[in-house]
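*Asks:* Assemble the whole structure, with the sequences as input and the hints as a guide.
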Amino acid sequence: MATRPDFYIILNKMAGAGQAEQVWPKIESVLNQKQIPFTLHISNYAGHTTQLAFQFAKFKHTDQILMVIGGDGSLNQAINGLKKANNTTIPIAYLPCGSGNDFARGIGLSRDPLTALNQVLGTTEAQLIDLGEYHDAIKEEHRYFANNVGIGFDAAVVSMTNHSNSKIMLNKYHLGSLAYVSSLVKAFIHQDDFETTINIDGQTETFKHTFLATTTNHPYFGGGVPIMPAAVVNDQLLDLVLIEKINSLSFCFLFLMMLFGKHTRFKAVHHYQASQINIQTKTLEFGQMDGEELGSRTFNAQFNVSQQLFWLSDLSPKNKA
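Each residue of the sequence shown is one higher than the one before, starting from 4 at the first, in the working numbering.
Please note that the accuracy of each hint is not assured.
Estimated spans, in silico, between C-beta atoms of each pair [unchecked claim]:
| # | residue 1 | residue 2 | range |
| --- | --- | --- | --- |
| 1 | E31 | Q239 | 32 to 38 Å |
| 2 | I39 | T92 | 16 to 22 Å |
| 3 | F258 | E208 | 40 to 46 Å |
| 4 | K61 | E144 | 32 to 38 Å |
| 5 | C255 | E208 | 22 to 28 Å |
Straight line, CA to CA, 25 Å or less: simulated BS3-like cross-link-like pairs of lysine-lysine [said to hold, decoys possible]:
| # | residue 1 | residue 2 |
| --- | --- | --- |
| 6 | K142 | K87 |
| 7 | K285 | K189 |
| 8 | K16 | K63 |
| 9 | K248 | K189 |
| 10 | K87 | K16 |
| 11 | K142 | K189 |
Keep in mind that the hints were calculated from the coordinates and are not lab data. Don't be surprised by glycine CBs; every beta carbon is placed ideally from N, CA and C.
*Replies:* Have a look at this one:
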């Protein structure tokens, strides 16, 4: 691919409570100033980014790179659009403008969209990044994710945050990560423990007091919390973090340690790493994928590793946070 990129841009104006719309004129100015060719397409409704990415991948006849300007949810939709079109040759460039921006953290991309733009424009070659592939046998649902899929506590936090008026207000002041924090106490009070059965490389274990089960592609969830500090996006493995229910005081201390990436030493925290993971629940539990709600349901979820070309500078073996 030529070193001078040509971008097919999908802009989600609503990302980050309108942050994407506010920053777009500055991005456009830089592209025009540097004489970078592009075409702009606006994502106008839920699922529109998936449709636009699918149509681009299915019918494109140029060497354009797909640039997504939005949050982690917008990136998720774009990835699923490309995968649906079964086109593996299109790199994705990503400018984070959401409230959490965990994928940017996970790959060492600046969370400032203009700085990220400079990183993207300084790239000369695409590279393969791991994705998670998710299939739920109960709902026959098949999707891909860039960040993580959570069942239990973290998904309850996502649900409460997404339905909170404070998220909109905090996003306006670029403090979207605090919206997650405001939902933690409420979610902890309402989230009961539940039984999960996991299968890792043919080995089965059952946990009767699961509080959280998160399959992740990189270290971060919930707007920058390092759920699994050692996870990397280029090892062709996924990481499962399962935390059992503990008392309130112990949980507060565990969560504090989690903020510093020191929680994995707790007995209640279990970590697995594999290319194939299966998780089953018997009760209705909240689920989330890349910060988007999966609803309250039972799960029989199979996770595998997939890959996607991204237009960004080389990653070291360990992620740059």
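*Asks:* Now look at each hint and say whether the structure bears it out.
*Replies:* Hints, one by one, checked against the model:
no.	hint	verdict
1	E31 - Q239: 32 to 38 Å	holds, 37 Å
2	I39 - T92: 16 to 22 Å	holds, 20 Å
3	F258 - E208: 40 to 46 Å	violated, 24 Å
4	K61 - E144: 32 to 38 Å	violated, 22 Å
5	C255 - E208: 22 to 28 Å	holds, 27 Å
6	K142 - K87	holds, 18 Å
7	K285 - K189	holds, 23 Å
8	K16 - K63	holds, 24 Å
9	K248 - K189	holds, 15 Å
10	K87 - K16	holds, 24 Å
11	K142 - K189	violated, 28 Å
Of the hints listed earlier, those the structure fails to meet are numbers 3, 4, 11, in rising order.
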